[in-house]
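Number of protein chains: 2
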Amino acid sequence: MKLSKKQVFLDFAAAKGLKSTRQRDIILDCFLSLPQHLSTEELYLKLRESNPGIGYATVYRTLKLFAESGIAREIQFGDGQTRYEHLHVGEHHDHLVCTRCGAIIEFENETIEKLQREVADQHGFIIQNHKLELYGVCAACNR
Amino acid sequence: MKLSKKQVFLDFAAAKGLKSTRQRDIILDCFLSLPQHLSTEELYLKLRESNPGIGYATVYRTLKLFAESGIAREIQFGDGQTRYEHLHVGEHHDHLVCTRCGAIIEFENETIEKLQREVADQHGFIIQNHKLELYGVCAACNR
DNA sequence: TGTATATTGAAAATCATTATCAATAAGGAT
DNA sequence: ATCCTTATTGATAATGATTTTCAATATACA
Chain A
1 MKLSKKQVFL DFAAAKGLKS TRQRDIILDC FLSLPQHLST EELYLKLRES
51 NPGIGYATVY RTLKLFAESG IAREIQFGDG QTRYEHLHVG EHHDHLVCTR
101 CGAIIEFENE TIEKLQREVA DQHGFIIQNH KLELYGVCAA CNR
Chain B
1001 MKLSKKQVFL DFAAAKGLKS TRQRDIILDC FLSLPQHLST EELYLKLRES
1051 NPGIGYATVY RTLKLFAESG IAREIQFGDG QTRYEHLHVG EHHDHLVCTR
1101 CGAIIEFENE TIEKLQREVA DQHGFIIQNH KLELYGVCAA CNR
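Sequences listed follow chains A and B, in order. Just so you know, we're using my numbering here: the first sequence kicks off at 1 and counts up by one. Just so you know, we're using my numbering here: the second sequence kicks off at 1001 and counts up by one.
Keep in mind that the hints were calculated from the coordinates and are not lab data. Note that CB positions come from ideal geometry on N, CA and C, so glycine has one too. Some clues are possibly wrong.
Claimed, not checked - Just the calculated beta-carbon pair ranges, DEER-fashion:
no. : chain 1 : residue 1 : chain 2 : residue 2 : range
1   : B       : 1117      : A       : 48        : 38 to 46 Å
2   : A       : 64        : B       : 1102      : 19 to 27 Å
3   : A       : 49        : B       : 1014      : 21 to 29 Å
4   : B       : 1025      : A       : 60        : 56 to 64 Å
5   : A       : 115       : B       : 1091      : 15 to 23 Å
Use the sequences and the hints to build the structure in full.
The following block contains the structure:
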């Protein structure tokens, strides 16, 4: 059975000798309960609603830990803000980004992934991860 | 016959009513003579070697114009700096980025592009451009 | 309970980029 | 050639996101 993201992070923290803190627990629960692609600031504002005491720096630090632990991934859509999305180990998806309304649609395509691996092989390159984003106008915007 | 990038930019500038300036000419020549994927700062430093008078802001402004004119494209590899690469109209390539030595290898794959268009079609999405980067360890580094 | 160490929050610092603005340069009109 | 309008420049200040600093506090374990 697959471990929950929460457990994955707690294991990571334990292995790294991190102490468990109230703030990290709160941020973890909040992060997991919210939708994908949140920017640090969005999460911070959300957190403040129920926990006014939490500092900006702590949110930044904690999100970086999430990324390091593998339960989240940093993404950038060119708007100058780093966003974080949930991530199961081994899971991967790519994005359609609407340049008009900002909507983000996720997709997966195993054929594309296979071709990527072939390209990498041809160059003797070992892929760790990848990023694929298609920018354009979404269905709702182009009518 | 295909227009040179230099001519493409000059046409763009003329159409936009921009005045031609010594600085822009210098920056254009320098940019075109240097390799791909230069950051603004790298180009700025290179320029200063032969033209100490050119200001930082001018380099930023001019590179933005290059991107607007279509002869260059902004790319970001997650290191916090915007880079610019040369671009012929209609030309497109993707990147293998070595996370160990920082090497950037370009590739093109028409099959992947076709699949991308299919994915977009399925979502009623009109692609304007795309970004595909494979991060990993290059051949030179993994031996 | 004591102690070593990780963590926190507030504020200052940093880094890349952008805006401001007075001085200058270009390109046409006269 | 000179005037005039407008774009451009460079220095500097401002911005916005992220990081660092550091003293105070909390945690884990002996």
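Evaluation of the provided hints:
no.	hint	verdict
1	1117(B) with 48(A): 38 to 46 Å	holds, 43 Å
2	64(A) with 1102(B): 19 to 27 Å	holds, 21 Å
3	49(A) with 1014(B): 21 to 29 Å	violated, 54 Å
4	1025(B) with 60(A): 56 to 64 Å	violated, 43 Å
5	115(A) with 1091(B): 15 to 23 Å	holds, 20 Å
Hint violations for this structure: numbers 3, 4, all remaining hints satisfied.
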